[in-house]
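Visitor: Spelled out, the chains give:
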Amino acid sequence: MTRDPGEKIDHKAILEARLSARIGRRSFLKVAGAGALASAGFGLTPDIARADQAGHIRIASLSHIDTLDPHFTFFLGAVQIINNIHNGLLKVTFDGEAVKFEPDLAASWDLEDDKTHLFKLHEGVKFHDGTALDAEAVKFSLMRVKSGTPASPHAWKLELLDEIEIVDPLTIRLKFSKPYAFLPVALTGSTGRAGTIVSPAAVEKYGMDYGRNPVGTGPFKFVSWRDNDSIALEANPDYFEAGMPKLAKASFMLINEPSTAVAALVSGQIEGMNDCPLQLVNQVKQVPTINLYGGVEGNYTYVGMNTRKAPFDDINLRRAVAYAIDRDAVVKQGYFGLAQQAFSPISPPMTGFYDPDIAESGRGQRFDLEKAKEFRAKATNQDEIEVTYIMTEDGPGGTRVAQTLAPMLAEIGIKVKLELLEPAAWVKRMKDGEFEILDFRWWADLDPEETLYPEFKSGGSWNYWGWENAEFDRLCIEAGATIDQEKRAALYREAEDHLMDEAPVAMLAHIPVYKAFAKKVEGFQYVPADLVNLHSVSIG
Amino acid sequence: MLAQAAGKIAQTLVVLLIVSIASFSLLKLAPGDPVLLMLGSEFDQASYDSLNKALGLDQPVVVQYLEWLGSFVTGDWGISYVGRADIFNLVVREALPVTLTLTACSLGLAILIGVPVGVLSAVKKDTIWDAAAAVFALTGTAFPSFFLGILLIWIMGVQFGAFPVMGFVPPWEDFWAGLYHLVLPSITLSTFFIGMIVRVTRAALVEVLDQPYITAAKARGEPGWRVVWVHGVRNIMMPIVTVIGLQLGGILQGAVLTETVFSMPGIGQMLTNAVLGREYMLVQAGVMLTAVLFILVNLLVDLSYPFLDPRLRPR
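Residue numbers (full-length UniProt numbering), protein chains in the order written: chain S, 1 to 540; chain H, 1 to 315.
It is worth saying that the hints were derived from the structure and are not from the lab.
You may find that some hints are simply not true.
Okay, the calculated beta carbon distance ranges per label pair [said to hold, decoys possible]:
id, chain 1, residue 1, chain 2, residue 2, range
1, S, Gln-283, H, Thr-12, 23 to 31 Å
2, H, Val-61, S, Ile-477, 39 to 47 Å
3, S, Gly-398, H, Leu-66, 36 to 44 Å
4, S, Asp-383, H, Asp-58, 44 to 52 Å
5, H, Glu-67, S, Ser-147, 26 to 34 Å
6, S, Leu-420, H, Ile-155, 29 to 37 Å
7, H, Leu-66, S, Glu-112, 58 to 66 Å
Quick caveat, the model's predicted, so the values are computed rather than measured.
Ideal Cβ placement from N, Cα and C applies to all residues, glycine included.
So that you can see chain S by itself, here it is in the shape it has in the complex (with noise of 0.2 Å):
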């Protein structure tokens, strides 16, 4: 599943970053007039009048739930459903080769300099409980997360956020501290969710249970929500965008079986699932009924050393291990042959600063046994080391990968005892530092940011590996504030050199995410970050 055990599931929320990228003022300009273009050219070729709406859609949602909250929940399965309820100013999008960020609320996004941002909105776009999305609102959601209470985990987003500027009702300045190449991500109403727009009145109204009652504008309207059951919502009439919704109504079958799921699938009592776990996969693959949408999207998993103690606080022995693990058996084993080997972080969706020479050109870490044999020389320690490997029944390999590995790292003299625990437990032991290696996984959005710099900044709280390296903070504070594509893919690079240099983790592999609809449902658009948006979807 494509959930962690314990916290934060939610920044990894999948994203395509994209768009920031295109260098420079000129062609963000572009990117920016292209998306209005493109929503204008909806504007003007309605496929679908808007009193069309037919059809009743029943989807599987496999994830856990905890609220509907775009600004405070942690659960991808969740951003999946809020986004059929609310839009953010900017939205992801995928033509089937890159990803790009472009307006969503906003009608056009200029950049005025490289640290202030201007927004026009759509005119006349209305929540669902009836009261007008201008500029006031913007502010509100902006600031709601920025320094709301309680505190949303995606403040730190904004924290580069100086000022808002109501310019008129529906125009917004946002003025940052210095150049914010994140931005893009932070603020779509997908994965960043710090652009989520809520209703102000919907908020005041409901206080903290806004996420049992939440008011978006978009294309769906919720309608209830039945624990352990469904959630449920109809076509928002009134939506902004012309032709859409196509579906009368939408229900999300809260299912904790993945195999029930299919079955309901395959016998046509649900119409849709949002994850198709990779167990499953090629059966479905098999059902002629069936179509399944996915590819690798923006993640990457890894074992993690601790590199605080002893064995794995010598360098050496790391990059002995990084050497030594033989991806092609982990992909073949671990994910039933259908991940793809990863060399170092940054994932093959994210357009721009994905290496697309990175198997031939020797960057990043792979396997090579003579190689793995000569830094195991170089350790300190030359006898047979033991060392605890703490897995979990849990992620895409659960215990598969520890098993896998255990007999790779047994070929460089360190023998693995393996230990289960649950999820809870492992976690603790994870954050807690009590552990000598594991394995894990990061789901990012889709931008170099959050897949490098949370995780292994000096210090960070998702840090757990306890490796610190100035260099690599600074490449990555650079970056972060550089809006040059080419510029901060480079400094991304150098920066992932030296993390696989020092080899806290060593990579494993990107791994694909796959959402299965019965043939009869249409229009399905599939974006590489686990969305299932319903926009344009219809039932045949």
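Guided by the hints, dock chain H onto chain S, whose structure is given.
Guide: Below, chain H without anything else, positioned relative to chain S:
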């Protein structure tokens, strides 16, 4: 008789108190701080403290327990931390009826099938019928309900498309649809139970059929069905009721798995999700409710003995 009942009820209350202390402490000891869970990773101490206080988690554990107990008894079960669900409403009004319906259907099915098969087995003792019943009972008891559920889903639901494979429709809203949705889960949950009842019925009835009053009834020329079903079965009610009472705990346990496999919003699935989401208040309420149910059933079984067996009535 009343004194006896009052004594049993008092015992029950003490047991419940112990259960509540045990479950409360267990949840306090479990890893995972709800405040951390709600705040994520990047936050300052002030917001931690304020949320901690708002949730009442800054109080000493004993105070927290007493406050919780006070409000629990008065029916104010609070709101879940993250999901903001009204706990009493969710547990008692939404989840409980589902589990009770499922349990009642499975129990009914188990009795309807288990007792006649047990009777057949006892009456036809040492014949092929008896052996077949024994195999049936053993298989039922030994078959893991999780696996059986998935098998039924694939064969009955997917291959033949005869029954819905998931979900719950309240029978009090739509009786036939409700029943239709309950068929596969009830079969799944009752198989273990059927085996149990078959074996107990057989053992008890074999013994009863040797009794002089059975011989006397036969001698009076009463028809065979009357001998078995009236004189025989009436006298094995006690062991059957006892077994049902004792196994009801097992059925609640089985309901967790069955509800998960068939995706029914009952207590079992609620508990699983509450544990996953670290909704401690919800887990606590669910555990207490399960304990109350279990103890209540045992109490009822105890109290029913005098009605089933006049010899146990105090004179």
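Visitor: The structure should be examined with respect to each hint, and the outcome stated for every one.
Guide: We went through each hint and held it up to the structure:
Against the hinted window of 23 to 31 Å, the Cβ-Cβ separation of S/Gln-283 and H/Thr-12 comes to about 49 Å, which falls outside the hint. For the pair H/Val-61 and S/Ile-477, the beta carbons lie near 43 Å from each other, so the given range of 39 to 47 Å is met. For S/Gly-398 and H/Leu-66, the Cβ-Cβ distance of about 42 Å falls inside the hinted range of 36 to 44 Å, so the restraint holds. Range check, S/Asp-383 to H/Asp-58: about 49 Å between beta-carbon atoms, so the 44 to 52 Å window is met.
Separated by about 31 Å at the C-beta atoms, H/Glu-67 and S/Ser-147 satisfy the suggested range of 26 to 34 Å. The hinted range of 29 to 37 Å is satisfied by S/Leu-420 and H/Ile-155, whose Cβ atoms lie roughly 33 Å apart. Distance hint for H/Leu-66 and S/Glu-112: a CB-CB separation of about 59 Å, consistent with the stated range 58 to 66 Å.
Going down the numbered hints, you'll see the structure goes against just number 1.
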